[in-house]
Amino acid sequence: MWRKEPRGRSFGISQTVAHEEMRVEATDMSAEVMVQLKDVKVQFGRDSHPVHALRGVSLDIPKGEVFGVVGTSGAGKSTLLRTINLLQRPTDGTVRIGQQQITNLKGEELRQLRLRIGMVFQHFELVSARTVFDNVALPLRAAGRKEGELRARVHELLELVELRDRAESRPGQLSGGQKQRVGIARALANEPELLLCDEPTSALDLETTEAILALLAGINRRLDVTIVLISHEMAVIKRICHRVAVMQDGMIVEENETYRLFATPEHPLSQELVSRALNLELPARVAENHEGVLVRLLYLGPGAEEPTLIETARRVGVTLNIVHGRIEYVQDRPIGVLIVTIHGTPTEIEVALAELRTRVARLDVLHG
Numbered sequence: 067m068w069r070k071e072p073r074g075r076s077f078g079i080s081q082t083v084a085h086e087e088m089r090v091e092a093t094d095m096s097a098e099v100m101v102q103l104k105d106v107k108v109q110f111g112r113d114s115h116p117v118h119a120l121r122g123v124s125l126d127i128p129k130g131e132v133f134g135v136v137g138t139s140g141a142g143k144s145t146l147l148r149t150i151n152l153l154q155r156p157t158d159g160t161v162r163i164g165q166q167q168i169t170n171l172k173g174e175e176l177r178q179l180r181l182r183i184g185m186v187f188q189h190f191e192l193v194s195a196r197t198v199f200d201n202v203a204l205p206l207r208a209a210g211r212k213e214g215e216l217r218a219r220v221h222e223l224l225e226l227v228e229l230r231d232r233a234e235s236r237p238g239q240l241s242g243g244q245k246q247r248v249g250i251a252r253a254l255a256n257e258p259e260l261l262l263c264d265e266p267t268s269a270l271d272l273e274t275t276e277a278i279l280a281l282l283a284g285i286n287r288r289l290d291v292t293i294v295l296i297s298h299e300m301a302v303i304k305r306i307c308h309r310v311a312v313m314q315d316g317m318i319v320e321e322n323e324t325y326r327l328f329a330t331p332e333h334p335l336s337q338e339l340v341s342r343a344l345n346l347e348l349p350a351r352v353a354e355n356h357e358g359v360l361v362r363l364l365y366l367g368p369g370a371e372e373p374t375l376i377e378t379a380r381r382v383g384v385t386l387n388i389v390h391g392r393i394e395y396v397q398d399r400p401i402g403v404l405i406v407t408i409h410g411t412p413t414e415i416e417v418a419l420a421e422l423r424t425r426v427a428r429l430d431v432l433h434g
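Under the working numbering, the first residue of the sequence shown carries the number 67, and numbering increases by one thereafter.
Just so you know, these hints were derived from the structure itself, not from any lab.
All of these numbers come straight from a predicted model, not from anything done at the bench.
Certain hints may be false.
Under the rule of at most 27 Å between Cα atoms (straight-line distance), these lysine-lysine pairs were calculated in the DSS-like manner [said to hold, decoys possible]:
(1) K129 - K172
(2) K212 - K104
(3) K212 - K172
(4) K172 - K107
(5) K129 - K104
(6) K129 - K107
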C-alpha cells in the first residue's frame, strides 16, 4: 500500500513512483465531490444548424478518484474535459470544482481556478525552442514564483518523473514517453488538486503506455490528486480508473465502477467496447460449425479461478470443451469469460446447465 504524502510546497517523493506496483482500488463514493457537472450542454454553430457536442451531461467525481471517460471519436469526451476548466464554456448547465460554482468565472478568478487544475495533453504541447527545465518552469513563472523557489520546484518535479538528467535537453531530443513525462511534470507544477488528462497515452507504444499509467497512478495515490482521464481505449481505463463513464453522441450512456462495467456492461456500446477489449468475439466458423450446446459463462471474483467445468463434467457425465475465452484482472479482481460446448444426452445437458448456473455469475445459451 502506498502512503499518501501531505500536500504542501514540496512533493517529498522520490523517482520511484513509476516503478511502484500499480494498484487500483475503488474509492468511497460517499467522499467529498471534487468535480460536479449538472445538466451541462455545449452547442456549436448557428441556431439553424446546431451541433450538440454535449447533451445534458451530469457527473459527480469524488475527490481522490481516477475517473475515466471512454467513447468513440466524436462522442464528446474532449469537450466534456474542456468544460471542467472552462476552456470550453457550457451553453447551459453548471460546473463545480469542490465547493465553488465556476461556470461564470472570468478574469482573475478564472486564472486562480486554473492554478488548481493541471492538464496533460495527447500530443504533449511542449515549446520546442525551450529546454525541458524551461517547459516545466512555464506555469511557475506565470504564477510569479521566485527564481530560487522555482528552480528547486522544477528539479523536484523532474526527479518525480525520472528526467532530472534531461533538464537541459530540448523536446526534439526526447522520446514520446519522455515528452509526456515533461508534460505531466509541467501540469503538476502549481500543485493542482485536479489533473485533466486528454488521451495521454494514445501517441505512445504499449510499454511506454504502461510506464505513463504507472506514473499517473502513483501521483494519484501519493499526492491525493483527483484525475479525470479520457480515452478511446478500454485497456487504459481498465488499468488505472476507479470508475468510468461511457459516452455516445454527447451523452453519458453508462457509468459504473470499472470492474462492474467490465463484468456486466449494460448499454450496447459498453458491451461492444468491453467485448473488443477482452477479445471475446467468437470466430464465425466456430459459431457455425460447433457440435453440442454452445454456452457462454461469466465468472466474477474467486469463481474465475475455480475448476468449475471439470467438477461439473465429472459429476454429471457430460463432455465440456472450451472453444474460446480468457481471464482478465480489473482492479486486481478476476473476470473470466468462457465459451464452451456441452455434449451429452438432453437430460445430462439440462442437469449440467442447472449446476453451472449455480456456480457462475451468468450463463447464456448461444446455440443448441
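Taking the hints in turn, this is what the structure says about them:
Proposed proximity of K129 and K172 is supported: the alpha carbons are some 24 Å apart, at most 27 Å. Between K212 and K104, the direct Cα distance comes to roughly 39 Å. Violation of the 27 Å bound is thereby established for this hinted pair. Of the supplied pair hints, the one linking K212 and K172 holds, its CA atoms being roughly 26 Å apart against a limit of 27 Å. For the suggested pair K172 and K107, the alpha carbons sit about 19 Å apart, so the restraint of at most 27 Å is met.
As the CA atoms of K129 and K104 are separated by approximately 17 Å, the hinted pair is consistent with the 27 Å bound. With a C-alpha separation of about 23 Å, the suggested pairing of K129 with K107 holds against the 27 Å cut-off.
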